[in-house]
Structures are given as C-alpha cells and as structure tokens.
Amino acid sequence: MKIIFPAILYAVGLSILMGCDIQEEKSDAYGNFEAREIIVSAQTQGEVLSLDLEEGQTQEKGVAVGWIDTSTLAVKREQLLAQKNSLHARLANIQAQADVQAEQIETLQTEKRRISRLLKDEATTPQKYDNIQGQLRVAKKKLESIHTQKQSVYAEREVLNKQLKEVKTRLNKCQIVNPIRGTVLEKYLEPSEMAAPGKAIFKIADLSEMILRVYISGAQIPHIQIGQQVEVLIDKNREENQSLTGTVSWISSKAEFTPKIIQTKEERVDLVYAVKVRVQNDGSIKIGMPGEINF
76 MKIIFPAILY AVGLSILMGC DIQEEKSDAY GNFEAREIIV SAQTQGEVLS
126 LDLEEGQTQE KGVAVGWIDT STLAVKREQL LAQKNSLHAR LANIQAQADV
176 QAEQIETLQT EKRRISRLLK DEATTPQKYD NIQGQLRVAK KKLESIHTQK
226 QSVYAEREVL NKQLKEVKTR LNKCQIVNPI RGTVLEKYLE PSEMAAPGKA
276 IFKIADLSEM ILRVYISGAQ IPHIQIGQQV EVLIDKNREE NQSLTGTVSW
326 ISSKAEFTPK IIQTKEERVD LVYAVKVRVQ NDGSIKIGMP GEINF
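Position in the sequence shown (from 1) plus 75 gives the number in this note's numbering.
Hint data in this document are derived by calculation from the structure and do not stem from the laboratory.
Just so you know, even glycine gets a beta-carbon here, dropped at the ideal spot from N, CA and C.
Calculated cross-link-like contacts (lysine-lysine; reagent style PhoX-like; alpha-carbon spacing at most 20 Å):
1. Lys159 <-> Lys237
2. Lys274 <-> Lys262
3. Lys248 <-> Lys262
4. Lys248 <-> Lys278
5. Lys262 <-> Lys278
6. Lys151 <-> Lys237
7. Lys311 <-> Lys361
8. Lys225 <-> Lys237
9. Lys248 <-> Lys136
10. Lys101 <-> Lys311
11. Lys248 <-> Lys151
Label-pair ranges, simulated between beta-carbon atoms:
12. Asn160 <-> Gly137: 31 to 39 Å
13. Ser359 <-> Pro266: 33 to 41 Å
14. Ile114 <-> Ala294: 33 to 41 Å
15. Thr244 <-> Pro266: 18 to 26 Å
16. Asn160 <-> Gln355: 52 to 60 Å
17. Gly131 <-> Thr322: 23 to 31 Å
18. Asn160 <-> Gln210: 31 to 39 Å
19. Thr244 <-> Lys215: 39 to 47 Å
20. Gln158 <-> Ser267: 28 to 36 Å
21. Gln355 <-> Ile114: 19 to 27 Å
22. Ser125 <-> Ala294: 52 to 60 Å
Could you put the whole structure together from the sequences, leaning on the hints where they help?
The structure is reproduced here in structure tokens:
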C-alpha cells in the first residue's frame, strides 16, 4: 500500500500537468483558409474559338487567354466601313458642287457690280439689273441647299461612327482577358462550346495571399483590432504545427452563431464574431485548410 499510493499520486499529478499544458497550448480562434476567387464570365454570345488555360496554371493579369467567335461582328464592321467610305465619296461630290456654286456666285456678283455702274451711267436698263439680282438670289439658295446636304452627310457619318464604336466594344468583349495574376482553380468551358453573356468560363484566385476566416467570442473582441499582427498556426505534420504571421484585415460588426465547420470545445450556441486574417502563402496553404490564431 505504501508503494502503490505514491505511484497513484505521481500519475494524478502528471495528468494534471499534461492537462495544464493542453490548456496552455489551446489557440485563441479556429477557422479555415479561403482565397479571393474571381469567376470570369462571357460578355457576349458565340462559340469559344480558343481558351488557352488549364486548371492549376498561373496566369498573368491582362493576358488574353481566349476568343469567342467574332465572325458576325467582323462582317458588320466591314459593312459599316463600306458605308463610311461611300459617305466620304458623297461628301467629296457635294463639296465639289459647293465650290462650283460659290464660283458662280462670285461671277454673278462681279456682273452685278458692272451692271450697277452701267445703270448709273444710264448705259443699261433697270431690268438687266433686276435679272442679275434674281440670278444671284437663286445661286445663293442653291449653295445653302448644298450646305444642308453636307450637314445631312455629317449626321449620317456620326451615326456610323457610333455604330463602329459599338461594334469595336463588342469585338473587345469577344476577347477573354484574365483579370488578375493568379492560379486557375476551375475551367468551365472548352473550345467549340457555346458561351453566353454571364456564363462562367473559368475561376481564378491569387493564392500568394490567403485569408484565414476565424471566429472569436465577445470576450475576445477587446483584444484584437484591424491591422494587428497575430500568430497563425497550420498543420506541419501529425504532431507539429507550422507558425506563420498574419494581419487582421476585417472584423465583423455583427455577432452570429458558431458555424458547424468550426471544431472547438466551446458551446456551438455561443455567439461569435467573424474575423479575417491575411497570411502570405509560401505554397503550403491550400483553400479549405484549417488554421488557428493566437493573439
């Protein structure tokens, strides 16, 4: 009995110490990693002619990765350009008429001045002066009419320019451009398949910086603030954790019930606040991985 009792005390003491160690090692909050994902959708309808990307590839920002069929728009553009060239020809013809009419007016004005001098010298009749004035008025009316035709052509040209601009915009929308530098997560369309406005083409995310969404209790709120650096823990292996540095980027202003995915020993009915922590990714963090933080 004297031998067993100290052994029991030793075992109980060791259990208490181990329990204390476990409590001391408990993290302040738990959650899962996510990334800022962007779904790139089609902006026009047509057959996907090319799509040069695969899941897992890293794509640069602003790079054209594919095309949607542009044949209909290309034909429309050629038609509009042909109409615009026709307008240029009409405009040149109208301008030539205006030049001829302006020369005729100048000739009539010269003749009017000559007849006016003759009339003062009583070398001609008033009827001739009246006739030349009438011819001059008619010539000026014709010139005004020609200028009106020019304005009409200018208006038609403006309409064509707007239509060409619209076609150019639609052609640009046929080009599939990658919006950010990141990794392709999913590819929803393949070449020869049909795209439609709003239909998803691929999903991409910047995995160089991950977001750890954790949940903290109301009692922990005073101990954390935006911009604060915290310790982030991820699984290194079955026994060890890997320590990283994270920065608090967002704290929810509303409390919610603990999500079911959060596995902690606290009661799930407790109200918690969502917190986002930015963490630089060296490649070891994957979307959906669990993580922990310590203030």
